[in-house]
Amino acid sequence: METLSKPMETFDNLFLIIAHFIRGLFADPQSVWANLTMSIINFIIVVVIVVLAALILILLERKVAGWTSQRPGPNRLGPRGWFQTIADALKLMGKEDITPAGADKFIFKVAPMIIFALPMMTLAVIPYGNGLAPINLDLGIFYFLAISAISTVAFIMAGWGSNNKYSLLGGMRAVAQMISYEIPLLFSLLGVVMITQSFNLGVIVEAQKNIPFILLQPLAFVIYIIAGMAELNRAPFDLVEADQEVVAGPFTEYSGLRWGLFFLGEYGNMTAVSALAATVFLGGWQGPAILPGFVWFWLKVGIIIFFIMWARWTFPRIRIDHLMHLAWKVLLPLSILNIFLTGLGIYIYRLVMGG
Amino acid sequence: MFGKGLLTGLGITFKRMVGPNITEFYPEQKPNLPIRVRSSMGLEREKCISCNMCAMACPNGVIKLTSEKDETTNKKVLKSYQMDVGRCLFCGMCAEVCPTKALTVTQEYENSVFEPGDMQWDMIKRAERKGKVG
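Sequence order for the protein chains is A and B. Start counting the first sequence at 1; every next residue gets the next number (UniProt numbering). Start counting the second sequence at 1; every next residue gets the next number (UniProt numbering).
These are calculated hints, taken from the structure and not from any lab test. Not one of these hints is a red herring.
Going by beta-carbon spacing under 10 Å, a handful of chain B positions derived as facing chain A: (1) Gly9; (2) Phe14; (3) Arg16; (4) Ile22; (5) Thr23.
When the alpha-carbon atoms are kept at most 25 Å apart in a straight line, the in silico DMTMM-like pairs for lysine to aspartate or glutamate are as follows: (6) B:Lys4 - A:Asp238; (7) B:Lys76 - B:Glu46; (8) B:Lys47 - B:Glu108; (9) A:Lys165 - A:Asp104; (10) B:Lys4 - A:Asp321; (11) B:Lys15 - A:Glu61; (12) B:Lys64 - B:Glu108; (13) B:Lys125 - B:Asp70; (14) B:Lys64 - B:Asp84.
The C-beta atom is built at its ideal place from N, Cα and C for all residues, glycine as well.
Could you put together the complete structure from these sequences and hints?
Right under this line is the structure:
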């Protein structure tokens, strides 16, 4: 292997080399069994990413909340409180698992599992580095959006299954909000798809070798971040679990590990939305060769996650009619305008370049 | 500009984020109390002349003291000095009225106890514990 002569390139392709080595353990490196083993390893890696993301992000969220209000945040367990989430997770596991007497038991129990499964499914198509997508899907963006839309169903299931009026109100708010914001979210990504002529996230990242799409599609990026925050049900769009209005929305009746699954799912979804933003608009793993590709990718994801948290601890909650107004009367026309301008731009570009 | 307020808000929170914490790390770091704080009482036994004026001045009847007459010097000597701190307001009237400044208001503040009975302070013992008995 000549790559070993260049340490940075080796580090960049570290995971590919490991994967190649594991495949090499089989008699036929392309056999069904080798593929199955690699699929299982990929699955485990994605699960680890979701769980690690939740562990780190829950603490980071509390730290950011503290810093914005000039507090240090949790600071008791471990160095500067960085082990706090582990204690929280253990506490959640030790809690009693309550199912309300009047609940629709099957729906009540299956809803948190769906929420938790979705980020694992969506994070599986993200390219974490050059050739590092766990599943290299041709319809990547399409699949990502289709899967993340299922979380709406899980929210209304949780709301209905709890047999509690606050839960049901929260669930219905979730449906109204998430269906509305799905449309600008989808349309904002359409401009990029028009430029690259591909749904494949790997191809989209390759196309950003010279210029990240945030510079070509600044409007789309802003729309995507706003709609993504609404899709995640995070403040200032946290009408679904607005504590002061509907107790905790669909999560009201959940306790212990089931509630923990909702939490894991929320932070997993946040990672997924940020990962898609980093992939589509910020150039994914592309970056100056001073750092390996996957480090660049996680750096960009981290910046977007930090921005989402920063916005959460800055803005007050939006009113429900303003929320709908923003989606249908502001973001949707803007995203359609963006598509129109992108089409015009592509037409002019072809005219000039003679394509 | 539309959305200018949002950006201003983000700027303010970012400034707060990178700015210094205002939290006081209490158990590790003791606070600097204002000079007017009244949170505890202290007695200097050798100054006390057992005149009972503190007990008379107290609005809640917190202070109970007993004394004995010393035969040789013909002066009253303090025998016991009890304060029921659970009822004390820390108004400082007792210290105000004390003619020899034997009783003073102090600024110790970690006064919480586990048992209700612990709120009966034996001021002489407390003074001995502080090493102030002459």
